[in-house]
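Participant: Full structure from sequences and hints, please.
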Amino acid sequence: KQEVTQIPAALSVPEGENLVLNCSFTDSAIYNLQWFRQDPGKGLTSLLLIQSSQREQTSGRLNASLDKSSGRSTLYIAASQPGDSATYLCAVSVWNGNKLVFGAGTILRVKS
Amino acid sequence: DTGVSQDPRHKITKRGQNVTFRCDPISEHNRLYWYRQTLGQGPEFLTYFQNEAQLEKSRLLSDRFSAERPKGSFSTLEIQRTEQGDSAMYLCASSLSGGNNEQFFGPGTRLTVL
Chain A
1 KQEVTQIPAA
11 LSVPEGENLV
21 LNCSFTDSAI
31 YNLQWFRQDP
41 GKGLTSLLLI
51 QSSQREQTSG
61 RLNASLDKSS
71 GRSTLYIAAS
81 QPGDSATYLC
91 AVSVWNGNKL
101 VFGAGTILRV
111 KS
Chain B
113 DTGVSQDPRH
123 KITKRGQNVT
133 FRCDPISEHN
143 RLYWYRQTLG
153 QGPEFLTYFQ
163 NEAQLEKSRL
173 LSDRFSAERP
183 KGSFSTLEIQ
193 RTEQGDSAMY
203 LCASSLSGGN
213 NEQFFGPGTR
223 LTVL
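In order, the protein sequences belong to chains A and B. Following my numbering, the numbering of the first sequence begins with 1 at its first residue and continues without gaps. Following my numbering, the numbering of the second sequence begins with 113 at its first residue and continues without gaps.
Read the hints as simulated data drawn from the structure, not as lab findings. Please read these numbers as outputs of a predicted model, since none were measured by experiment. You may find that some hints are simply not true.
Result set (SDA-like, lysine to any residue): computed pairs, CA atoms no more than 20 Å apart in a straight line [said to hold, decoys possible]: (1) A/Lys42 - B/Arg134; (2) B/Lys123 - A/Pro40; (3) A/Lys111 - A/Lys1; (4) B/Lys123 - B/Ser199; (5) A/Lys1 - B/Lys123.
Facilitator: Given below as structure tokens:
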């Protein structure tokens, strides 16, 4: 059974700091990996998707990497801003039907 | 197209009542997923459809839950005889099979069972 773990559970940083969020998964047979952002009481916004054959993806100040063999992904956020404050969720897609298995998330607070 | 929509956004009901939620996916997407999220946790998979066929159901989906996607477009999720433990955010997502199958989520329906 696929399990996804995110570390840390919560993170508080001053504005402008670069930061790394970690995600690990137990079964390396994944189809892809997605990082999402969730604001309180809201739905999920897709940030980045990395296919199983890829090593990283970049979008603006965000960079996500994937090491499938070791079951790890990281989300790097450069020059953090207060507007980045949210919960960040990592999810892996299984091959059959591509349902997503989520971690519990990292709650990020960026202080101005 | 403005993305995945869900209705209602909030639902408060009394224990024992039936509730129904609706999800409208992105129009060209043939896959539709339902997830449930409780406070402080990541979403958990409930069920998914490819076109009108329901292809997988989680063990979380007890016999009080039923989902349909009759014409391969919108979907409904019904919960019968609601219990306080059903209180959660119910999220719908859609995707296009093949390719990278990126899932796009709606805003969710927040259910509170009193």
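Participant: State for each hint whether it applies.
Facilitator: Checked hints:
As the CA atoms of A/Lys42 and B/Arg134 are separated by approximately 17 Å, the hinted pair is consistent with the 20 Å bound. Of the pairs offered as hints, the one joining B/Lys123 and A/Pro40 holds, with about 17 Å between alpha carbons and a cut-off of 20 Å not exceeded. Under the criterion of a C-alpha separation no larger than 20 Å, the hint pairing A/Lys111 with A/Lys1 is inconsistent with the structure, at around 38 Å. At most 20 Å may separate the alpha-carbon atoms for a hinted pair to count; B/Lys123 and B/Ser199 meet this at roughly 10 Å.
For the hint linking A/Lys1 to B/Lys123, the alpha-carbon distance of about 33 Å lies beyond 20 Å, and the restraint is violated.
Going down the numbered hints, you'll see the structure goes against 3 and 5, while the others check out.
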